[in-house]
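Start from the sequences, fold in the hints, and give me the full structure.
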Amino acid sequence: MNQSSANVAGASSSAQPLLQVSDVAVHFGGIIALDGVSFDVQQGAVLGLIGPNGAGKTTLFNCLSRLYIPNSGDIRFAGQTILSTAPHKIADIGIGRTFQNLALFGTMSVLDNVMVGGHSQSSSDFLSNALRLPWVKTEEEGLADASWELIDYLDLMDVAYTPVADLPFGTQKRVELARALASKPKLLLLDEPAGGLNHDEVEDLGSLIKQIRDDRGITVLLVEHHMSLVMAVSDHVVAIDFGRKIGEGTPSEVQQNPEVIRAYLGTSD
Amino acid sequence: MVADVNTSSAGRRAIPENPANNLAIAGIRLPVWNKILIAILLVVAVIAPFFLEDFDVFQMTYALVFAMAILGLNLLTGFNGQFSLGHSAFFGIGAYTTAMMMAHWEVAFYWTIIPAGIVCLVAGFLFGLPALRLEGLYLALATFALATAMPQILKYHAWEDLTGGVQGLDLDKPESPFPDTLSDDQYLYFIVLVVAIILFICAWNLVRGRTGRAMIAIRDNPIAAQTMGVNNAVYKSLTFGVSALYTGIAGSMSAIIIQFVAPDSFTFLLAVTFLVGLVVGGVASIPGAIFGGFFVLLIPNISEAVADMTGRTDAKGLSWAVYGLFLIITVYVMPSGAAGLVRLLVGKLARRG
Chain V
1 MNQSSANVAG ASSSAQPLLQ VSDVAVHFGG IIALDGVSFD VQQGAVLGLI GPNGAGKTTL
61 FNCLSRLYIP NSGDIRFAGQ TILSTAPHKI ADIGIGRTFQ NLALFGTMSV LDNVMVGGHS
121 QSSSDFLSNA LRLPWVKTEE EGLADASWEL IDYLDLMDVA YTPVADLPFG TQKRVELARA
181 LASKPKLLLL DEPAGGLNHD EVEDLGSLIK QIRDDRGITV LLVEHHMSLV MAVSDHVVAI
241 DFGRKIGEGT PSEVQQNPEV IRAYLGTSD
Chain S
1 MVADVNTSSA GRRAIPENPA NNLAIAGIRL PVWNKILIAI LLVVAVIAPF FLEDFDVFQM
61 TYALVFAMAI LGLNLLTGFN GQFSLGHSAF FGIGAYTTAM MMAHWEVAFY WTIIPAGIVC
121 LVAGFLFGLP ALRLEGLYLA LATFALATAM PQILKYHAWE DLTGGVQGLD LDKPESPFPD
181 TLSDDQYLYF IVLVVAIILF ICAWNLVRGR TGRAMIAIRD NPIAAQTMGV NNAVYKSLTF
241 GVSALYTGIA GSMSAIIIQF VAPDSFTFLL AVTFLVGLVV GGVASIPGAI FGGFFVLLIP
301 NISEAVADMT GRTDAKGLSW AVYGLFLIIT VYVMPSGAAG LVRLLVGKLA RRG
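Just so you know, the sequences run in chain order V and S.
Counting from 1, position 201 in the first sequence corresponds to residue 201 in the numbering used here; the numbering is continuous, with no gaps.
Counting from 1, position 44 in the second sequence corresponds to residue 44 in the numbering used here; the numbering is continuous, with no gaps.
Rather than coming from a laboratory, the hints here were simulated on the basis of the structure.
A hint or two may mislead.
To be clear about the criterion: a stretch of chain S counts as covered by chain V if any three or more of its residues have a C-beta under 8 Å from a C-beta of chain V, and this derived list gives those stretches [claimed, not checked]:
1) 15 to 26
2) 225 to 239
Restraint-style ranges between C-beta atoms, simulated for each label pair [said to hold, decoys possible]:
3) V/Gln16 to S/Leu126: 25 to 31 Å
4) S/Leu162 to V/Gly79: 26 to 32 Å
5) S/Val333 to V/Pro134: 41 to 47 Å
Backbone N, C-alpha and C fix where the C-beta goes; we use that ideal spot for every residue, glycine too.
Written as structure tokens, this is what we have:
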């Protein structure tokens, strides 16, 4: 259902991008983290956002999930500005994310982590939970069912009841992905998903990202250092440095962009 | 590691069973053990008062009251990660609500329990709102202020007519409707037992559902919880309210079984007593609260008996020292509370069944 509606929207979306970042600026005191960055993410695309350390990638991500408030500019999702949306409503409108340094619920099992991911997809409250009303049980079963589907999809069946803090790093990254998918996002923000993974794991991650887009019709915005991964999975790449956009285009265009090369390799002068 | 990713939802594997459920002690699986133990506990709880002196029945009743208060604190501190050194205040508000209704308006004691809970729910929620801006030690400090202020607020002369001022309020002892089969103390015990069972079942339902997951998620990682759509502010202040409701109902029950309230019964020391019960029973453990309730009631009595054995005149001070010794030994033997010790023992005894 999610997928078909996404495809229908995708067919008519050439006019309107799913995400529009326009002229976003963020200052921390005198430090300019983002200085008027603009780009669009088309429905159904994988967009890679690259840039050296400190370029402002994570700051931009935190604006998208409303952890930071931009000093100026606008961010529009499906045509609507998100800047007036409360941070906890971002999952509701269809934006899910993972974190650069993992932000899991350490004491909870994999299953419970994924079920918290489905929080925005459910509605029972204190009273109905305390009394365990009949519809609460139905809702819990539905939520558990959706969570198991994702646990299977990300090959986490064998560790489903293990507290996530006891799992190896690579596995925890997959738990974060499953948790983000549990909110049934239209747009998935991945903050350096390849960080800390070995060569084989990075390759698997690449095919997984494409698969998430293809199977579920989810648009992906990928922040990544790992250049070969970005170039392999992205349809479109945006490069930023010192808070400004320095290049944009297909992966091969961006790779040949002299500004991007200079940002990554430095200049002789 | 991600080798199996091309399994789509069509080729889905069966949901595995929780391996913990397959562990067994003496050939009986753990979930069955749980049921057996709960059944034994319930039977003991129902039969015991008929074999005990009235004073011992009163002690059991009071231990259950402590257990309810500790459970309330556990919802807040254990499950939601918010510190409170001020739960004596909510216990006091609950007790005074009941006492004032009974003493001034002659309301039957059982009609005062729910109002006492609701008053504390509102008080806790309102206190929880500004507390949203405080974390960890700072929240502990703010709640400490609440605990130290409460006895003075209750003594304040402007509402002395209502609260009884320094003297407090005396209440009539509820009488057993079946004097031939149940003594008054037994009657009150069963009332408290029923209320406690309801509160424990509700707490269990709460923490295993969507609300409980959100509470724990906020404790473990507030930013991630918010990103998943949890409204942290609402959950934290409502948890504060629900926690106060539990402790307030416990306070209400304490007024009913002691038939007396006075401001100095609700000092900071009482709040610390709850915290001791919480830690000794087990942080974020629901059955642990029962153990904690009995511990904080019985160990001071035992300490006093031990101190009395020395025959010294300054035995009162000595009993606190003995209490301290008991606490140190307990924390040393069970660093993660009674619940942690049980988990450890089960882990050692259990085999795959």
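Checked hints:
| no. | hint | verdict |
| --- | --- | --- |
| 1 | 15 to 26 | holds (count 5) |
| 2 | 225 to 239 | holds (count 9) |
| 3 | V/Gln16 to S/Leu126: 25 to 31 Å | violated, 45 Å |
| 4 | S/Leu162 to V/Gly79: 26 to 32 Å | violated, 59 Å |
| 5 | S/Val333 to V/Pro134: 41 to 47 Å | holds, 44 Å |
Of the hints listed earlier, those the structure fails to meet are numbers 3 and 4, in rising order.
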